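Asker: From first to last, the protein sequence lines stand for chains A and B.
For the first sequence, the working numbering assigns the number 1 to the initial residue and increments by one for each residue that follows.
For the second sequence, the working numbering assigns the number 260 to the initial residue and increments by one for each residue that follows.
For the record, the hints were derived by calculation from the structure and aren't laboratory data.
A quick note: this is a predicted structure, and the numbers were derived from the prediction, not measured.
Some hints could be false.
BS3-like cross-link-like pairs, simulated, lysine-lysine; straight-line CA separation at most 27 Å [unchecked claim]:
id, chain 1, residue 1, chain 2, residue 2
1, B, K515, A, K145
2, A, K116, A, K145
3, A, K115, A, K140
4, A, K118, B, K515
5, A, K140, A, K116
6, A, K140, A, K224
7, B, K515, A, K116
8, A, K131, A, K145
9, A, K119, B, K612
10, B, K580, A, K115
11, A, K145, B, K334
12, A, K145, A, K118
13, A, K240, A, K3
14, A, K196, A, K131
15, B, K515, B, K612
16, A, K119, A, K145
17, A, K131, A, K116
18, A, K196, A, K224
19, A, K140, A, K196
20, A, K196, A, K240
21, A, K140, B, K515
So the derived list for chain A, only partly shown, Cβ under 8 Å to chain B, looks like this [to be verified]:
id, residue
22, Q71
23, R84
24, M89
25, R93
26, N95
27, F97
28, A108
Heads up, the beta-carbon is just placed ideally off N, CA and C, and yes, glycines get one too.
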Amino acid sequence: MAKSIDVSDLDIYYGDFLAVQGVNMHVRARSVTAFIGPSGCGKSTVLRSLNRMHEVIPGARVEGKVTVDGQSLYDSAIDPVAVRRQIGMVFQRPNPFPTMSIYENVLAGNRLNAKKMKKSEADDIVERSLKGANLWNEVKDRLAKPGMGLSGGQQQRLCIARAIAVEPQVLLMDEPCSALDPISTSAIEDLIHELKSDYTIVIVTHNMQQAARVSDETGFFNLKAAGQPGHLVEFNSTQKMFANPDNEATEAYISGRFG
Amino acid sequence: MNTLIDSEHTVDHLEPLTGGTMPRMAPGLVAVVSVALGALALLLGVGIFGAVALAWLAYVLGLTFWTRAVEGSRKATDTLVQTLMWSAFVLAMVPLVSLIWTVVQRGAPVLTPAFLNDDMSGRALLGVGGGIYHAIMGTIMVTSIAAVIAIPIGIFTAIYLVEYGKGNRLAKVITFLVDVMTGIPSIVAGLFAIALFIVVTGDPLPRLGIGGSIALSLLMLPTVIRSVEEMLKLVPDDLREASYALGVPRWRTIVKVVLPTAVAGIVTGVTLAIARVAGETAPLLLILGTARVANWNPFSGPVQTLPVYIFQSLGQTTHFKYGPIWTDRVWGAALFLIIIVMSLNLVARIVGKAFAPKTGR
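Based on the sequences and whatever the hints tell you, model everything.
Answerer: This is how it looks when you write it as structure tokens:
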């Protein structure tokens, strides 16, 4: 069920401001692709344009092409809501719904869309998703408790469970571990490894070790200069990227001589 | 810094960290002296206000200068400002406490079941029986209809402003008009209702309940819009994005995520808006007129409400024979109006607590 993504000549604007320019890449199905680069270079912006979350911000727009499984996401006939049902997203800060219990949070994608399902079916989805997110053992006795009562790391895994409960084709993760301690981070990285067999995953991270640990391919974004749009400097297999990158700027960034 | 470096030669001393301290009973002591001073002034025939002012001045100056002498000028300023702050607080509380005390003291004996169940028909004008049943019912009916009109319009307007109109021109114009509406004098809202129903009914002086409700809803609307708008703005965008990212359409996100998250604040704001207009008099006097019995038909005939009842009864308190009875009625009705408004406030608090997002473990 995983799908590959093709991005060609993607320009992303906030109003008149060109934030990211000329991105071309191919994200393979059933693999983990990491985006790295300094702050403000447009990694998150590119990620958000992959499931049309970008346009939620007033004035934001996109030029170019993003194709998932042969369908161009920015065709006028495409329904952004349908796109987001297929391409899930996990955010930087854990954001469980404060009015819902753990159980309801996992089912939110189904319930909020008024999908009718039997109790047993719902229980099944909750258990499967929480197990998938490595959270089941910690919360199985308190599913009716509020989702906000969990620790930060648990909340983030709850958000991942919520995202995979609707069985998307692709999972986008925007710095999912930046607010977490090393143990929670390690739990989520293990999870990414497991999820890879079923999902196409794109992850934005500031942590280069994390990119090296979890990803198969890496894209390095950078600003041409201050005030200039961000762009994709290099896109390569993670192994090559960290051992012997094609681009000097990539090597400088990865080895810590810059940024 | 230099002294630290040179400290091989000279032994450096830390500035003393202790200073003079006021005795703990100082404020009490000054208070006693000040009160004594005030009492003395009273005995010398200064008058009660002069005596209180003198005692207060003695307390402020005495405590400040004593602190200055013992602890220094920084602490003295602190004492002075603290005393002024407490004085302002007490001054603000005086009318409130005095008002509640007087109304309860005078009104409570009047509030008998008979007073609550009777209206002003029959021989009530001659001092026999009489009560506020019709006015209570009128207040509840007119205010409820006003709420039914104003709350949906207000909530939908606020949703438009926050969720759809973010920063566009129409939203700015609406926000400006809402601000203007906040400033409408209530009597003008009553005139608007009268003018409207003169056109609708053709009657040169229309008297009907729905007119009062429309006047009140005009007054409620800006409060409802503003409070709901503020509450919706407090809902973090993270939650909206989380919902969108699950493929939930915008309207469902608003209905199922944004509104439930903000519901506590919305209910509180709306209830306070209702409480605010429940005591409105001027517009109701214009459009509702006065009645002696309960009128359940909002589309025809005058309706009595508590504020108007109080206003009307006040005119009779100087009557040579029935004056005292009318005075009692005024206090009774005033107390019941306060009870209604206070219980609405209380309900708002309880509901707000009950709906608040849960964070317990």
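Asker: Looking at the structure, which of the earlier hints fail to hold?
Answerer: Structure breaks hints 6, 9, 10, 11, 18 and 22.
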